[in-house]
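Based on the provided sequences and hints, a complete structural model is requested.
Using numbering that gives the first Met the number 0, the letters of the sequence shown map in sequence onto residues 0 to 215.
Derived by calculation from the structure, the hints in this document are not laboratory data. Accuracy of the hints is not assured; some may be wrong.
With a straight-line cut-off of 25 Å between C-alpha atoms, the simulated SDA-like cross-links for lysine to any residue are [to be verified]:
| # | residue 1 | residue 2 |
| --- | --- | --- |
| 1 | Lys57 | Arg75 |
| 2 | Lys193 | Arg131 |
| 3 | Lys168 | Glu149 |
| 4 | Lys13 | Lys70 |
| 5 | Lys67 | Tyr19 |
| 6 | Lys17 | Ile6 |
| 7 | Lys63 | Leu23 |
| 8 | Lys57 | Phe22 |
| 9 | Lys107 | Gln66 |
| 10 | Lys168 | Lys140 |
| 11 | Lys57 | Lys70 |
| 12 | Lys63 | Asp34 |
| 13 | Lys138 | Phe160 |
| 14 | Lys170 | Lys208 |
| 15 | Lys140 | Asp110 |
| 16 | Lys126 | Lys63 |
| 17 | Lys153 | Thr167 |
| 18 | Lys80 | Arg139 |
| 19 | Lys126 | Leu204 |
| 20 | Lys102 | Glu84 |
| 21 | Lys168 | Asn156 |
| 22 | Lys185 | Ile203 |
| 23 | Lys70 | Gln121 |
| 24 | Lys208 | Arg184 |
| 25 | Lys67 | Asp90 |
| 26 | Lys153 | Leu204 |
| 27 | Lys45 | Asn20 |
| 28 | Lys67 | Gln14 |
| 29 | Lys170 | Arg201 |
| 30 | Lys57 | Arg40 |
| 31 | Lys43 | Leu72 |
| 32 | Lys43 | Lys80 |
| 33 | Lys80 | Gln93 |
| 34 | Lys70 | Arg113 |
| 35 | Lys45 | Glu60 |
| 36 | Lys67 | Val117 |
| 37 | Lys4 | Gly44 |
| 38 | Lys140 | His172 |
| 39 | Lys140 | Leu72 |
| 40 | Lys140 | Thr79 |
Computed from a predicted model, the values in this text were never measured in an experiment.
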Amino acid sequence: MEIPKRITKITQQKQNPKRYNIFLNDHYAFSVHEDVLVARRLIKGKEINDQEVLTILKEEEQNKIWQKAIKYLSFRPRTTKEIEEYLINNDYDQELVQNVIVKLQAEKWLDDRRYAEVYTEQRIRIKPRGKRLIAQEMKRKGIASKYIEESLSKIDNDTEFQMALELTKKKVHQYGEGDWLTFQRKLGGFLQRKGFSYEVVRRILRHVKEHFSNDQ
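Have a look at this one:
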């Protein structure tokens with residue numbers, strides 16, 4: 000027969016004021032975050048059974064995962080795949096991790112569609128890359144193809160050309176010491192490695208050749 004359990008004391012932890020120690024029948028039983036304390040209405044004098052204790056402990060573990068996730072997201076935005084891998088690598092229960100991810104998505108802490116938009120905008124403004132390489136980078140981050148395609152659709156031919164031109168300006172003097180064929184091979188290879196298509200590379204080379212020829 001199950002022995003009745005009553006909360007006889009609740010104390011706030013000195014080192015972590017957001018955590019509380021729960022005493023059942025005058026003996027320390029477990030500690031919980033204030034969110035769990037409030038959600039489960041844990042107050043002195045309340046009776047709880049063994050099943051309720053297990054439920055509380057499960058919610059407490061899930062709250063720990065939530066707090067861990069929020070802290071990780073506070074440094075910079077993450078994709079769903081990134082946060083999932085981070086939490087799993089911290090040896091948290093996979094079912095609880097999925098529960099947390101669903102909540103993060105519902106509260107817009109995780110939004111892969113928005114992440115793809117911002118990531119693409121940053122690549123355009125700060126670190127120019129070709130559409131092919133940007134797509135590869137986002138795919139590695141676990142972003143769905145539909146979001147990748149949607150965000151990259153905002154990069155038209157002229158925008159991609161301008162991004163390639165920005166990179167070219169930084170390399171033209173480095174590669175411009177030799178003959179045109181050597182320059183063309185080096186610059187073309189560099190731009191292709193940065194994810195630019197053959198059409199964009201060819202357009203850049205035509206553009207640069209005019210200036211290259213004029214300087215000779």
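The hints, checked one at a time:
Our distance criterion of 25 Å between C-alpha atoms is broken by Lys57 and Arg75, whose separation comes to about 28 Å. A threshold of 25 Å between alpha carbons decides the hint, and for Lys193 with Arg131 the separation of about 8 Å falls inside it, so the pair holds. A C-alpha spacing of about 29 Å is found between Lys168 and Glu149, which places the hinted pair above 25 Å, so the restraint is violated. Note on Lys13 and Lys70: the hinted pairing holds, with a Cα-Cα distance of about 21 Å set against a maximum of 25 Å.
Using a Cα cut-off of 25 Å, the hinted pair Lys67 and Tyr19 holds, with the two alpha carbons roughly 18 Å apart. For the proposed pair Lys17 and Ile6, the alpha carbon gap of about 19 Å is at most 25 Å, so the pair holds. Between the alpha carbons of Lys63 and Leu23 the distance comes to roughly 22 Å, so the proposed pair stays at or under 25 Å and holds. Proposed proximity of Lys57 and Phe22 is supported: the alpha carbons are some 18 Å apart, at most 25 Å.
Of the pairs offered as hints, the one joining Lys107 and Gln66 holds, with about 15 Å between alpha carbons and a cut-off of 25 Å not exceeded. With a CA separation close to 30 Å, the supplied pair Lys168 and Lys140 exceeds the 25 Å bound. Between Lys57 and Lys70 the CA atoms are separated by roughly 20 Å; this keeps the pair inside 25 Å, and the hint holds. Only pairs whose Cα atoms come within 25 Å are accepted, and Lys63 paired with Asp34 is accepted, the gap being roughly 10 Å.
Straight-line distance between C-alpha atoms of Lys138 and Phe160 comes to about 23 Å, which keeps the hinted pair within the 25 Å bound. Distance hint between Lys170 and Lys208 is fulfilled; the C-alpha atoms sit about 14 Å from each other, no more than 25 Å. A distance of roughly 13 Å separates the Cα atoms of Lys140 and Asp110; the hinted pair therefore holds under the 25 Å criterion. About 36 Å separates the Cα atoms of Lys126 and Lys63, which puts this hinted pair outside 25 Å; it is violated.
Distance hint between Lys153 and Thr167 is fulfilled; the C-alpha atoms sit about 22 Å from each other, no more than 25 Å. Between Lys80 and Arg139 the CA atoms are separated by roughly 9 Å; this keeps the pair inside 25 Å, and the hint holds. Taken as a hint, the Lys126 and Leu204 pair is honoured in the structure, with Cα atoms around 21 Å apart against an allowance of 25 Å. For the suggested pair Lys102 and Glu84, the alpha carbons sit about 16 Å apart, so the restraint of at most 25 Å is met.
Of the supplied pair hints, the one linking Lys168 and Asn156 holds, its CA atoms being roughly 18 Å apart against a limit of 25 Å. As the CA atoms of Lys185 and Ile203 are separated by approximately 13 Å, the hinted pair is consistent with the 25 Å bound. Between Lys70 and Gln121 the alpha-carbon distance is near 23 Å, which keeps this suggested pair within the 25 Å criterion. In summary, the hint linking Lys208 to Arg184 is supported, as the alpha carbons are separated by about 13 Å, within the 25 Å threshold.
Note on Lys67 and Asp90: the hinted pairing holds, with a Cα-Cα distance of about 12 Å set against a maximum of 25 Å. For the given pair, Lys153 sits about 24 Å from Leu204 by alpha-carbon distance, which is consistent with the 25 Å threshold. A threshold of 25 Å between alpha carbons decides the hint, and for Lys45 with Asn20 the separation of about 15 Å falls inside it, so the pair holds. Of the supplied pair hints, the one linking Lys67 and Gln14 holds, its CA atoms being roughly 18 Å apart against a limit of 25 Å.
Straight-line distance between C-alpha atoms of Lys170 and Arg201 comes to about 16 Å, which keeps the hinted pair within the 25 Å bound. Restraint check: the Cα-Cα separation between Lys57 and Arg40 comes to about 15 Å, which is no more than 25 Å; the hinted pair holds. For a cut-off of 25 Å, the pair hint linking Lys43 to Leu72 is broken: about 35 Å separates their Cα positions. Taking the CA atoms of Lys43 and Lys80, the gap is about 41 Å. The hint is violated against a cut of 25 Å.
Of the supplied pair hints, the one linking Lys80 and Gln93 holds, its CA atoms being roughly 13 Å apart against a limit of 25 Å. Our distance criterion of 25 Å between C-alpha atoms is met by Lys70 and Arg113, whose separation comes to about 20 Å. At roughly 22 Å between alpha-carbon atoms, Lys45 and Glu60 fall within 25 Å of each other, so this suggested pair holds. The hinted pair formed by Lys67 and Val117 meets the criterion: a straight-line CA distance of about 24 Å does not exceed 25 Å.
For the proposed pair Lys4 and Gly44, the alpha carbon gap of about 10 Å is at most 25 Å, so the pair holds. At most 25 Å may separate the alpha-carbon atoms for a hinted pair to count; Lys140 and His172 exceed this at roughly 34 Å. A hinted pair counts as satisfied when its Cα atoms are at most 25 Å apart, and Lys140 with Leu72 qualifies at roughly 15 Å. For the hint linking Lys140 to Thr79, the alpha-carbon distance of about 8 Å falls within 25 Å, and the restraint holds.
Checked against the numbered hints above, the structure breaks hints 1, 3, 10, 16, 31, 32 and 38 and satisfies the rest.
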